[in-house]
Structure formats: structure tokens, C-alpha cells
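Asker: So you can see what is in the structure, the chains are spelled out below.
Number of protein chains: 2
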Amino acid sequence: MKKSFYGLLTICIVFFFVTVSAYAATDPLPSWNDGPSKQAVIGFVVAVTTHGSPDFMAKEERIATFDSDGTLMSEQPVYFQFLYEIYRVRILASKYPAWQTLQPFKAAMEGDLAYLAHSASPGELDLAAGTEVDRSDEETRADTAAWAAASRHPRFNRPITDLVYQPMLELLNYLRANGFKTYVVTGTGIEFIRAWAEKTYGVPPEMIVGSSIKARYQMRDDIGSVIYEPARNFICNGDDKPTAIHYMIGRRPIAAFGNSDSDIPMLQYATSGKGRRLGLLVHHTDDVREWAYDRGSRVGDLDKGFDEAARRGWVVVDMKKDWKVIFPFEQRNSR
Amino acid sequence: MKKSFYGLLTICIVFFFVTVSAYAATDPLPSWNDGPSKQAVIGFVVAVTTHGSPDFMAKEERIATFDSDGTLMSEQPVYFQFLYEIYRVRILASKYPAWQTLQPFKAAMEGDLAYLAHSASPGELDLAAGTEVDRSDEETRADTAAWAAASRHPRFNRPITDLVYQPMLELLNYLRANGFKTYVVTGTGIEFIRAWAEKTYGVPPEMIVGSSIKARYQMRDDIGSVIYEPARNFICNGDDKPTAIHYMIGRRPIAAFGNSDSDIPMLQYATSGKGRRLGLLVHHTDDVREWAYDRGSRVGDLDKGFDEAARRGWVVVDMKKDWKVIFPFEQRNSR
Chain Z
775 MKKSFYGLLT
785 ICIVFFFVTV
795 SAYAATDPLP
805 SWNDGPSKQA
815 VIGFVVAVTT
825 HGSPDFMAKE
835 ERIATFDSDG
845 TLMSEQPVYF
855 QFLYEIYRVR
865 ILASKYPAWQ
875 TLQPFKAAME
885 GDLAYLAHSA
895 SPGELDLAAG
905 TEVDRSDEET
915 RADTAAWAAA
925 SRHPRFNRPI
935 TDLVYQPMLE
945 LLNYLRANGF
955 KTYVVTGTGI
965 EFIRAWAEKT
975 YGVPPEMIVG
985 SSIKARYQMR
995 DDIGSVIYEP
1005 ARNFICNGDD
1015 KPTAIHYMIG
1025 RRPIAAFGNS
1035 DSDIPMLQYA
1045 TSGKGRRLGL
1055 LVHHTDDVRE
1065 WAYDRGSRVG
1075 DLDKGFDEAA
1085 RRGWVVVDMK
1095 KDWKVIFPFE
1105 QRNSR
Chain S
775 MKKSFYGLLT
785 ICIVFFFVTV
795 SAYAATDPLP
805 SWNDGPSKQA
815 VIGFVVAVTT
825 HGSPDFMAKE
835 ERIATFDSDG
845 TLMSEQPVYF
855 QFLYEIYRVR
865 ILASKYPAWQ
875 TLQPFKAAME
885 GDLAYLAHSA
895 SPGELDLAAG
905 TEVDRSDEET
915 RADTAAWAAA
925 SRHPRFNRPI
935 TDLVYQPMLE
945 LLNYLRANGF
955 KTYVVTGTGI
965 EFIRAWAEKT
975 YGVPPEMIVG
985 SSIKARYQMR
995 DDIGSVIYEP
1005 ARNFICNGDD
1015 KPTAIHYMIG
1025 RRPIAAFGNS
1035 DSDIPMLQYA
1045 TSGKGRRLGL
1055 LVHHTDDVRE
1065 WAYDRGSRVG
1075 DLDKGFDEAA
1085 RRGWVVVDMK
1095 KDWKVIFPFE
1105 QRNSR
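Just so you know, the protein sequences line up as chains Z and S, in that order. For the first sequence, the working numbering gives the first residue as 775, with consecutive numbering after it. For the second sequence, the working numbering gives the first residue as 775, with consecutive numbering after it.
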């Protein structure tokens, strides 16, 4: 008895120390350089998840909302939905001769990225409304997923879903591991983003809040189907982000993440609630590894966000300084 | 060593048998009488959750959608949101003299339940749009929750949330225990139902899809708030239920539950997808314990649903025959 007792005790003690040291050695955000941004994020998560902490938040309150374009993934030279729409417009062009002179269809046909970048979310939605008409949500999703896997980004010559930010993937996982529900709240059309967001971000379709085109229910060959119609339904930008969060989530987030002035209302909404809050803006400062832009950018304009960040204590991530790697493929290449 | 080994083995064996027999003895739907309805429900859940079953569905596909009024909770003599609106209209009546002659406000002021029942979801939404204007979502939710706790149903003289169906609560729990995400998809306004659905159904605000009034984002005293406006936004009934599921959930459910013709499209949508599916209609047949109604009812009209159920193999629950108890308070009373 004695012998087995001490044997067991030894195993327990060894197991305890191995576990503790493994835990201590685990950095939840390994692609983030040490510094105030990383400290602010980890400090927030520890404060709201530690029982007995004055800032503790019950699990059901742990809602975090993320913008997509420019916050979780690159948005240059245009939002990636435009690349899909260019592909769709070119397939359908012969059926719609009017597109030869009708914007933004003409620009899509000609691959005029400068024009498309300027037309932003309304342009995306108009193209989707024109090219998805009469397709079911399921047909569109399957086609988009296949396109995304085969896509090539004009600068990086890789699938567009490779241009996701490794530090933000770590942040999504870190929050989820701490009981957060992580939502994407985006100007991108849900018709497009839901096709790849589950695989790329770990965010399932039911946790994507976004812009959308009109849809109607219809029986086709005795199968109940949701079919797209040629009109915009909702554009999820600016003041409409908190409104969309109300309709689709129904709780004020305790943390929100964006990168442009159009995310200011969502961050205000999250951070002006009671208790400890986190607002974070991703500032694009790295024109070598990614892009550098802020005030006056055609895509992802960030201007008033700096003042609001200073006033409300939001974290402003400097991509160049704060992030060891930007894209997951950098890590794979360096191994 | 030997002695301790056999001791441990004995404990393990005893533990194993206790667990197995406890498991076998646990009926997941104790308030359901044995019969075809209960068998169909359990047969479906076992089939889609058993690894290696030809009908197995991955966890992320296990989406179940439930109508609320008449499916999870009573809807007589009127949808319960009307009872809250009567309370609101009477508080605000002196501010809005026009309501004296304007329907449905006049009916609400007079407590004319027959008129309100007839005006159904549009009436509910118009009242909410009139009485919630300029309140924030959070103010409305707190007020509604307090009202619900103090409410008295005209027939049962109990809080309206007591009139939930015990067999359906068991079904919600059974599905969740088997990895399903359980959503409510309802004609009721989200402004109303989210105030009590988490406590009553175990369904959090972010899993409620429903009708809604317009809302806008606004800073009030430096707090970002979602404020209600005096107009309908969306009525979630009939063909608009699958459409709302597309916008808010983004996956075709594999199981859907309703009680009236307005749920037919949602059940068609769920059950005409590929693989094993479950559609279920609750038929109100018990005028002693609850109410008996179907064809031609002002509330919860069920007519074409019978034909569709026969054609598509949906379960039709006979409340009188299939359910041992209707309301949780019957159980508490009989103990």
C-alpha cells in the first residue's frame, strides 16, 4: 500500500508541475510582440474572466464583434468580394448587354479596381444583387467556396483566404477559449463571406452579421429554397453596425475590433456599456509586409477613429511594430 | 499492491454499472406519453447523432428552429405580447390623445382581446412601434422582464411565462444535450420575447429570430444606444420565416417545430433538405388543460398544415393524447 501511495503521489506531483509550467509557457498571442497592445488585450481577458475580479463578466455577456475587411483580413487593392464579382460578371456578361455601360458592372467587366474600391459596400451589394439573381443561397455558397479556394490575390498570387491576419486568428481563438462568442459584423455581403468564414476564421454562418441582398422563399422542384432577388437588402456599415448587432445578436458586445471610421459606432456601442470593455483598431502601417494607409484612403479610411481611440481608451494596433507576422504563410515559409 | 488493485477494480466495475443503468433509465422526454410522436422524435435524434449511422449529421448541421406562440407556449386568448402592449398603451394614453380612435391602440386601451387577436403580428408590431418609440433596447428589455414577472394570464392567473409547455422544454433540452443549436423563429417582436426567453426557454437573445420594429443608433449622454423608432421593420411569418433563417442563421435547419399554417414554409424548408429531417406540428386538442383549436382559429390557424404533414411525413402532436402534462405547474401541483 505504502509503495503504491508514494508512487501515485510522485506521478501527481510531476503531472502538476508539468501542467503548470506548460500553462505558464503558453503564450496565447505568440505572433504579437510584447508591448502595450498585447498587454491591454490580455489584461482585459484576464480581468473579465477571473472569478472574484471586480471586472468579472458572466459567460453569456462575453460577446465580441469583429469587422472583417482590414481587421481580420486584407482589403487591398479592393474588398475581396469585388474579385468574386468580377468573375461572376464576366461569366454572365453575354446575358446582360446593358452591363457594357452600367456601373459598377462595367468596371467589374473591365477589372477597374480603382473604380470598384471607390464604390465600396454599395458597389459590392449592387454587383451581388445583379449576379446572384435567381440563384439559391446554397448554390451561391458552393460556387463562392470553390472560387475562393481557386482564387489568386493580384499581389500575393495566393487564395484570398490566405490573406488573413495570423495575430487576429490567435486573438479569435484566445477569446473563444475564454468563453467568448466571436461574431463578425461586416460591410461584406453575407452571401460571400459565409462561404469561407467558418474555415478561415472559425466563425460559423450563424455568427456572421453583414450586408445582404434581398431574398425570397420559393418551392423549386418540391424543395424549399431561398432565392436571391436583384436588389440590396441591408448595408452593414457605420451607424448600422450597432443596429445590426441589436437585430441579430441582441446584446451589447463587451469587446469590438475594427480598422476604419466606419467601425467607430460599433466600438462606441461596445465600449460605452457598463463594466470593463475593450475597443481595438488595427492601424495599417506596414507597406512592406502588407499595406500602409489611414486618412483619406479609398478603402478603410481611418481618421476620426484616432481621436475617438484617444478619448475612449481604445487600443490602436501598429501592425508593423505590434505584429511579428502578418499572414500565416510567413510563418510556414520561415520554418 | 494486489489489495489496492482489486479495490480499485471493484470501484470501477460498480461505477460502470451504476452509470449504465442510470443512463438506460433516463427518459429524455418524461412528459411525453409513449407512442408514435415520441418515437419519431427520439428516433430522429438517435439517427442523426449516432456515429456510423447512415443519417449521421455533423454537429454544425444540427440546427433546430422552433416557432414560439402555440408551439412552445400558449397563444390564447391573444399572443402574450398584446398583454404587454395593453399595459404600455394605458401608461402612455394621456400623451397620445389620437389613440382614442386609432386602431389597434383603441382596442388595446379598451382591452378588446377579440380585436387584437384578429390583428395578429402586424397589430403587435404597430403597438410596439407606437409604445417603444424613443426607448433604448435595454430600457425596453428591463421593463418587459419586470412586467413579465409580475404579469397575470387572464385564465390561469399566473405569470405568462408559466404557460410554457413542459414537453417542449424537455425537447429543447434533449436536442441541446445532443449538440443541437435551438433557435426560436417567431412572429413575436424580438423587443418583447428576448426579455424572458433565455430564462423561460433557455434560448439566449442571439438565438431569437423574430419580428421587429425599426431602430437607430444614437449617442445619449455619451453612451452609444440603439433607440426604437415608430415604424415596423420586419414581420417574421409564413414565407418570411425561411428568409429570416437565411439572414440570421445562414443554414437550413434539419428540424423545425410549429403549430400553424404560418409555420408551413419553415417546416418545408427544413424537411426538404438532403438527409434525415424532422418536421413537427403541435395540434391544440385539449380544451380542458389548455385550448382546442385548428381550422379557422383567429389565433394559430392550422388547416393546410395537416395535408402538408401527411404528404411530407411531419409528426402531428396531439396535445391531449401525447402529453402527460402541458404546463410545468401541473407537475409541481401534483407532487
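Worth double-checking, as some hints may not be accurate.
All copies of an identical chain are treated as equivalent in the list; a pair is satisfied when it fits inside any one copy or across any two copies.
As the list claims (entries may be wrong) - Once the Cα atoms are required to be at most 30 Å apart in a straight line, the calculated DSS-like pairs of lysine-lysine come out as:
1) K869 to K1098
2) K988 to K1048
3) K988 to K833
4) K988 to K1078
5) K973 to K833
6) K833 to K1048
7) K955 to K833
8) K880 to K833
9) K1094 to K1048
10) K1048 to K880
11) K833 to K1094
12) K1048 to K1078
13) K880 to K1098
14) K1098 to K988
15) K973 to K955
16) K1095 to K833
17) K1078 to K955
18) K880 to K973
19) K955 to K988
It should be emphasised that the hints constitute simulated quantities derived from the structure, not laboratory data.
Asker: Each of the hints needs a verdict: does it hold here or not?
Answerer: We went through each hint and held it up to the structure:
1. In the homo-oligomer, the alpha carbons of K869 and K1098 never lie at most 30 Å apart, since the shortest distance is 48 Å inside one protomer and 61 Å across protomers.
2. For the homomeric pair K988 and K1048, the shortest alpha-carbon distance between copies (25 Å) is at most 30 Å, but the shortest distance inside one copy (36 Å) is not.
3. Only between protomers do K988 and K833 lie at most 30 Å apart by alpha-carbon distance; the minimum there is 29 Å, versus 34 Å within a single protomer.
4. When the C-alpha separation of K988 and K1078 is checked against a cutoff of 30 Å, the pair qualifies only between copies, where the shortest distance is 27 Å, while the shortest distance within a copy is 32 Å.
5. Within a single copy, K973 and K833 get their C-alpha atoms as close as 24 Å, and across copies as close as 15 Å, so both meet the 30 Å cut-off.
6. Taking the closest pair of Cα atoms, K833 and K1048 come within 30 Å of each other only inside a single copy of the chain (16 Å); across copies the shortest separation is 35 Å, beyond that limit.
7. When the C-alpha separation of K955 and K833 is checked against a cutoff of 30 Å, the pair qualifies both within a copy, at 9 Å, and between copies, at 17 Å.
8. With identical chains, the CA atoms of K880 and K833 are never at most 30 Å apart, being 49 Å at best within one copy and 43 Å at best between copies.
9. Taking CA atoms no more than 30 Å apart as the test, K1094 paired with K1048 passes in neither setting, with 33 Å inside one copy and 48 Å between copies.
10. Taking identical chains as interchangeable, the C-alpha atoms of K1048 and K880 are never at most 30 Å apart, the minima being 48 Å within one chain and 39 Å between chains.
11. For the homomeric pair K833 and K1094, neither the shortest alpha-carbon distance inside one copy (33 Å) nor that between copies (39 Å) is at most 30 Å.
12. Taking CA atoms no more than 30 Å apart as the test, K1048 paired with K1078 passes inside one copy only; the shortest distance there is 24 Å, against 49 Å between copies.
13. Taking the closest pair of Cα atoms, K880 and K1098 never come within 30 Å of each other, the shortest separation being 40 Å inside a single copy and 65 Å across copies.
14. Taking the closest pair of Cα atoms, K1098 and K988 never come within 30 Å of each other, the shortest separation being 42 Å inside a single copy and 44 Å across copies.
15. Both within a single protomer and between protomers do K973 and K955 lie at most 30 Å apart by alpha-carbon distance, with minima of 16 Å and 19 Å respectively.
16. In this assembly of identical chains, K1095 and K833 lie within 30 Å of each other by CA distance neither inside one copy nor across copies; the values are 32 Å within and 40 Å between.
17. In this homomeric assembly, K1078 and K955 come within 30 Å of each other (Cα to Cα) only inside a single copy, at 28 Å, whereas the closest approach across copies is 40 Å.
18. Proximity of K880 and K973 under a CA criterion of 30 Å is satisfied in neither setting, with 32 Å inside one chain copy and 53 Å between copies.
19. For a Cα distance limit of 30 Å, the shortest separation of K955 from K988 qualifies both inside one copy, at 27 Å, and across copies, at 26 Å.
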